[in-house]
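Q: In order, the protein sequences belong to chains L and D.
The first sequence: position 65 = 64 (numbering that gives the first Met the number 0), numbered continuously.
The second sequence: position 23 = 22 (numbering that gives the first Met the number 0), numbered continuously.
There may be inaccurate statements among the hints.
Claimed, not checked - One-sided and incomplete, this derived list gives chain L residues near chain D with beta-carbon spacing under 8 Å: (1) Thr-306; (2) Asp-307; (3) Thr-310; (4) Arg-313; (5) Ala-328; (6) Ala-329.
To be verified - Just some of the chain D residues that point at chain L, by a computed CB distance under 7 Å: (7) Leu-16; (8) Ala-19; (9) Gly-23; (10) Met-24.
Hints in this document: simulated from the structure, not taken from any laboratory.
Here a beta-carbon is modelled for each residue, glycine too, at the ideal position from N, C-alpha and C.
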Amino acid sequence: MPRSNHLPWFKPSWIWRYGVAVLSVTSAMMLSLWLTPHIGFLGTLFLCAVMFSSWYGGVGPGLVGTTLSVLAFHYSFLHSPGPKPPELPRLYMYIVSNLLVGLVSIAQRSATESLRQTRDDLNRAGQDLETTNKALHAESRKREQAEQRFRGLLETAPDAMIVTNRQGRIVLVNAQVEKVFGYQRDDLLGQEVEILVPQRFRGRHAQHRNGFFGLPRVRLMGEGLGLYGRRKDGTEFPVEVSLSPLETPEGTLVSAAVRDVTERKQTEQALRQAQADLTRVNRVTSMGELTASLAHEINQPIAAVITDANTCLRWLSRDQPDVEEARAAASRTVQDGSRASEIVKRLRLLFKKDTLQREPVDLNETIREMLLLLHNEAIQFAVLIRLELAADLPEVMGDRVQLQQVLMNLMTNSIDAMKDVDGTRELTIQSQLGEDGELLISVSDTGVGLPPQQADKIFDSFFTTKTQGTGMGLSISRSIVESHGGRLWAAANSPRGANFYFTLSANVQVPQ
Amino acid sequence: MTTTDGSTVFVIDDDDLVRAAIQGMLKSVGLQAETFETTQEFLASKLPDGPSCLFST
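Let's have the full structure, built from the sequences with the hints guiding it.
A: Next up, the structure:
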């Protein structure tokens with residue numbers, strides 16, 4: 000920074016300083032020579048010259064001025080007309096006073112100079128401060144703008160945005176958070192973010208939060224898991240959360256975008272329900288049609304048996320029994336019976352192996368498909384579903400629809416058995432591969448359990464413990480499993496409920 | 000329980016066993032029956048002028 004113009008305060012060159020000293024004394028001398036004849040000798044003029052020389056030029060010129068003045072003074076005394084005062088003491092006094100005046104002038108000059116210097120330094124420091132201040136202002140304005148832009152961005156985001164610090168405390172939220180979670184902004188700031196998580200997930204959430212800071216990157220939270228948020232009133236709703244780290248001067252923060260997916264889940268659920276209903280309707284319709292036509296087919300010969308047997312009795316119970324007619328009626332009865340038996344045989348043929356649709360079936364997949372269909376029912380009756388499926392389960396050759404029917408039947412039974420039970424309601428489905436190459440599937444519940452003393456009857460046709468049951472489910476399931484070369488059996492579950500097991504042979508051959 | 004006026008019961012059923020059973024039953028109570036597998040067959044037949052009965056399941 001250039002210094003401002005302080006020309007008189009620059010030390011003038013030595014020629015100037017000494018020149019000025021000589022000039023001052025010379026001027027005083029001239030004036031004194033001119034004035035002395037009129038008003039007598041004026042020593043004061045020389046004092047002024049010394050004062051000026053010292054003030055302007057410093058110590059050297061001051062001494063030169065003093066010396067010259069003393070010489071001039073001496074000369075004036077020697078050559079001035081009139082009475083001569085006692086000479087030496089005056090000369091000494093004169094020298095001393097000249098020196099004193101010179102010293103005082105020098106002291107004054109240097110004091111002024113150092114004051115001036117200090118003032119300059121102060122000015123400079125002040126200017127520096129001002130510049131720094133301006134830069135700081137500009138910086139802080141820039142920051143403020145950046146922060147405003149960030150907040151603006153946060154507010155316009157369609158999702159609820161929550162920014163937390165490493166300790167899991169909420170540092171920033173947007174307006175959507177208020178809408179989605181029902182809290183006021185001020186209720187949340189400084190709180191632990193777990194306040195927005197259902198109680199049962201809080202412990203795990205805190206762990207995962209620490210995990211995120213271990214490897215901070217943009218990602219979806221708990222991908223594939225059903226995540227839930229918790230509103231102020233305690234209600235829960237399904238959410239999707241994406242996380243991203245925010246590097247700030249205060250350390251790493253994490254911003255979470257939370258989206259309420261209730262509607263989407265409902266739509267998905269409705270869609271699944273519709274599909275399930277459709278599948279069920281299809282199955283029920285075809286089953287119903289089959290049953291109706293079977294009933295008619297079988298009922299015809301049976302009705303004929305009854306009619307013919309009655310006719311036979313009537314011929315025989317006449318006053319004079321007509322044996323010929325009775326025989327004719329009896330032989331028709333035999334034909335009717337044979338017909339009925341024939342129909343039943345044809346029916347059984349339907350379930351024979353070679354008429355089944357055979358294709359490779361992944362039972363784990365089938366189990367999951369059926370669970371999707373039963374999802375709603377399980378939720379409705381607060382049944383917890385546990386899957387323990389062997390990862391490397393081989394496929395089986397079988398009729399996909401029939402195997403679905405078996406699983407559906409067993410799971411529905413289990414849920415039905417738990418509907419009226421207090422306490423744990425748990426449906427566990429396991430799949431495993433036995434050492435003999437057979438797949439073992441088990442469906443276990445904590446329901447009412449098998450009927451006591453009648454456990455062996457549950458697979459009989461028309462045996463049921465349900466008010467709405469047909470008594471055909473387990474019977475049909477068993478024939479399906481057996482037609483696939485497997486076995487289906489039941490055992491009591493401990494401490495409560497029932498286990499149903501079935502085996503199927505693994506598909507070792509490459510399907511055609 | 001015997002036929003008094005020779006009138007006939009017409010029986011229509013697609014199941015031969017059922018037809019035979021009904022015919023036999025009617026005969027045992029003294030009624031004469033004629034059987035048809037289809038309604039078309041019945042309509043195509045020569046119908047009597049007097050009162051008669053039609054039995055169909």
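Q: Each hint should be assessed against the structure and marked as holding or not.
A: Structure-based check of all given hints:
no.	hint	in the structure
1	Thr-306	holds, 4 Å
2	Asp-307	holds, 5 Å
3	Thr-310	holds, 5 Å
4	Arg-313	holds, 4 Å
5	Ala-328	holds, 5 Å
6	Ala-329	violated, 10 Å
7	Leu-16	holds, 4 Å
8	Ala-19	holds, 6 Å
9	Gly-23	holds, 5 Å
10	Met-24	holds, 5 Å
Hint 6 from the earlier list is the only one contradicted by this structure; the remaining hints agree with it.
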